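Heads up: the protein sequence lines correspond to chains Y, C and Z, in order.
Residue numbers are given in the numbering used here: position 18 of the first sequence equals residue 15, and the series is strictly consecutive.
Residue numbers are given in the numbering used here: position 289 of the second sequence equals residue 1011, and the series is strictly consecutive.
Residue numbers are given in the numbering used here: position 283 of the third sequence equals residue 600, and the series is strictly consecutive.
These aren't lab readings, by the way, just hints derived from the structure by calculation.
Note that the coordinates shown come from a computational prediction; the quantities given were computed from them, not determined experimentally.
Among the clues, some could well be false.
Claimed, not checked - Here are a few chain Z residues that face chain C, going by a calculated C-beta distance under 10 Å:
| no. | residue |
| --- | --- |
| 1 | 328 |
| 2 | 435 |
| 3 | 436 |
| 4 | 441 |
| 5 | 534 |
| 6 | 567 |
As the list claims (entries may be wrong) - The calculated lysine to any residue pairs, modelled on SDA-like cross-linking and capped at a C-alpha distance of 25 Å, are:
| no. | chain 1 | residue 1 | chain 2 | residue 2 |
| --- | --- | --- | --- | --- |
| 7 | C | 937 | Z | 576 |
| 8 | C | 1009 | Z | 428 |
| 9 | Z | 408 | Y | 162 |
| 10 | C | 1110 | Z | 372 |
| 11 | Z | 408 | Y | 278 |
| 12 | Z | 408 | Y | 269 |
We treat Cβ as the ideally placed atom computed from N, Cα and C, and that holds for glycine.
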Amino acid sequence: MASYFVAMASIAFIYCLLALGLNLQWGHTGLINFGHVASFAIGAYTSAILSLQGIPVVFSLLAGTLLAGLAAYPIGVITIRLKEDYLAIVTLGFSEIIRLICLNEMWLTRGPMGLPNVPNLFSSWGPKTNEWLNMIVFLMVTVCVLLLLQRLIRSPFGRGLRAIQEDEYAAAALGKNVVAFKMKSLIIGAAIAGIAGGLYAHYMSYIVPEMFLPVVTFYVWVAVILGGSGSNLGAILGSMILFVFLEGTRFLGDFGFIVDKTRFASLRFVIVGLGLILLVLYRPQGLMGKEK
Amino acid sequence: MFFVLLLMALLLVSQDNKTLAADEIRIGALTPLTGAGSPYGPGMQKSIAFAVDEINRAGGINGKKIQLFTEDGQTDPEAAVRAAKKLIEVNKATAIIGTWSSGVTMAVAPLAINANVVLMNTSGAPELTTLNDKNLVFRTEASNVLYGVAFSKIALKRGYKTACTMAFNNPSGRGNTEEFAKRFKEAGGKVLESVVYNPNQPTYKAELSKVLAPKPDVIVMGSYLPDTTIILKEWYQTGQPMKWIGPAWAINDKLIEALGANVAEGAVGVVTVPDTNLPAFKTFEMKYKELTGQDFLTNTYSGMVYDHTICLALAMVAAKSEDPTVFNPRIQTISGPPGVKVYSFEEGLNELKKGNDIDYDGVSSKIDFDAAGDVVPHFGVFEVRNGKRERIDTIVIGE
Amino acid sequence: MVDLLQHILNGITSGCVLALVALGVTLVFGISRFASVAHGDYVTLGAYFALVANRAGWNLVLSGLVGVMACVFFGYIFFIFVFRPLDRRPKIASVIGSIGVALVVRHAILFIWGTEQHSYQVAIERGIRFMGLMITKNEIIIVITAFILMAFIHLILKKTRIGKEMRALADDQDLARVTAINPLQVITLMWILALSLAGVAGLLLGLKSIITPYMGWDILLSAFAAAILGGIGNPYGAMAGAITIGVSEEVSTMFFPPTYRLAVAFLIMILTLLFRPSGIFGQKVEVK
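Same shape as in the complex, but just chain Y (with noise of 0.2 Å):
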């Protein structure tokens, strides 16, 4: 019993660190990015592929984290400059790239086949053991990225970004260096996506190119939106809360509802649809977030 709690900590822990990114990019500097799942998607990738060619798992979660936060770049240099409405669709359309580069290129990825016995973070130690090191681990890179995010935000590199999401304008007047500001925010993002994706699948052992579908995304965004943009206990607490009403749900079914089994698979996702309506209702601005 505690094993399968543990197991869901370490996945919403994957969750939270693609939240934390997420609000980077757009809590606090604004960029509508929908393509984040490829962040997630290059950093699995990678640490897979290079650990499977024998390189240390640490190394090659390292590379996994460097290659998405540089992916990152020239997207940002094509994409920065767009209207927000294109920053989203544009995006997106790199994650499809990106997802449809990992399905069809057999050689490097082994394509729908997809990657098994990626090594685990602890194999050695035994499965029971191996759990609970693997969630503690994804807890203190969850913790770690927190603190560090928030003394980011505290740094002058925060107060630059605080500056260029109250006006963009009055920040360039001033000297601010605005894309430059966007092009960090947008790769430190990207990294803290590549360490999820990474981690998530030595976690795993298995990856494969319908682990990294665009809704990847749509969940995060719901989850930092929910939590409150611009917080990043909030982007925790957001994951939380979808992973709860993701995972959760499924406990309703086993109280012999009124309708059979299979049915009520897709009763449960009515039921995540119109939950996800209420709170956006009910608090739009997100839990943590300041009323607009």
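Dock chains C and Z against chain Y, hints included.
Same frame as chain Y, now just chains C and Z:
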């Protein structure tokens, strides 16, 4: 925080699993009730439930009844992993049956193996044969490789010299068609064009034109029902005469219904189902129709998971144990020769009580699990004639 | 050469169906300023209600009308209960609401109608050949319908008072609100148009391919790409963008593996935006 508490409360209330009831065996059904596999998932779940019902009515296993827990795999590897975790850790299932897509099975397998839980699936990924699985992972969908072999035998038998292939972009589709191409070429045939396509498109005209252009004798498909429906529809509109061979989950009554007799005429389907005159088969067919309103042959996966459940139960009876590490070798012994042929749980139970070895032949195939947990079935071949499927041949692999 | 022309023709017909969805999406964006993520599922809704009518023996036109009415009815309910209350909030809240609506609609359809595929009761016929090319009767219907609807929207926008008000509201929300324009009236009409388009798209898509609970969701991304490509908020752009996406997807298969076709469509969209940041017909976008 409130939500976390709510979740915990729900958990505690809904499952009385603090102490494993001594007179109960727990099994999890993990099928795609939503997502891309959803045309097959509900029927699969109902078949598992039906098998559990039959087993319980015949007295259960070693005097214990089975309790079935159902979860939705969502055709999504991550969601399925969470569901499997719940089945294993919260519901204490000793076996999980019904994972359908290769992505889901490959993601769930490590969990099952680590927890010493049997995983019976209907996925086609080749890796499942060579997986280091402590003999816990079994499947009754013939590895795709075998479908490819069957396709090529049919094509050669009919005297086709040239062929093209169309493959759904997943391990099954690619596996089927690649193996077909290999065997066909070995036997002197020519594969003029091979196209792989992504799912969920509203049109496949561009892909179709590539395989129609060289005017092959036949087009071999590694496909599923929705894409096959669209492809054959768009092909018929071109007016070009063509022969089609594909797996039974694509070429079946639902396809004929969607396309009409004209369009489907001549399409050849390949299925692992054995002699359909057996009483057990007829019983299952009727029950499936009653449960779902559909013809079982439109969802052969449902027969597969029915057989999984029966095999699992018979293995537990044969080993007089419900511990997967103890009974798992029996899954091979009760499903294959030597032994008295049995076609239902009750028959198997009776023979085992008498102390005989058994060989269970199921509704989906003759189910002889080999050492790797794979099945090498016979293939039934049928052709669509005047809007009906007519069985025309049987292919035995290894002949 | 004939090959290329056939691909272009195929792209135009699939682009026309996409255009109706893109039109709906761009209308919602132009006036209510958020991405209607539920739009694909409205399309699916229309297709299924049309199916119910068709099963009851009604012909395709009447069935289509039933589908349209269902779309407008349910879509409008969602507007009243979800999107109107969120109107004054940051637009991202409406997107989240739209994600919720999408989940509800899609899974309600799954719940009610099950997971199997369906088709309208229409015989499949050979295509019509001309000049070495081929087109089917259904495709001709699709193209004509799309153009008629496009012309209809054009007339409304240019020739009617409320159409002008719509354009004003799309252009500058705050300014429009201080004039005598009744925003509720305009927004209501906008939703009726956008939802009707989705309903028709559902019928046509179901006619051209098959009816499944995921059919609309599966084309949503392409619809958004088309709307952006044409310049978000611009109806003519949505049509042009959709046909461009349709054609580029088809033609790309001549040069790249078909499994990359969506990537090519996106790439073309991205490249176009690089050189024409406002989209093909879009308003001048602020460049920093």
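Identify every previously stated hint that the structure contradicts and give their numbers, smallest first.
none
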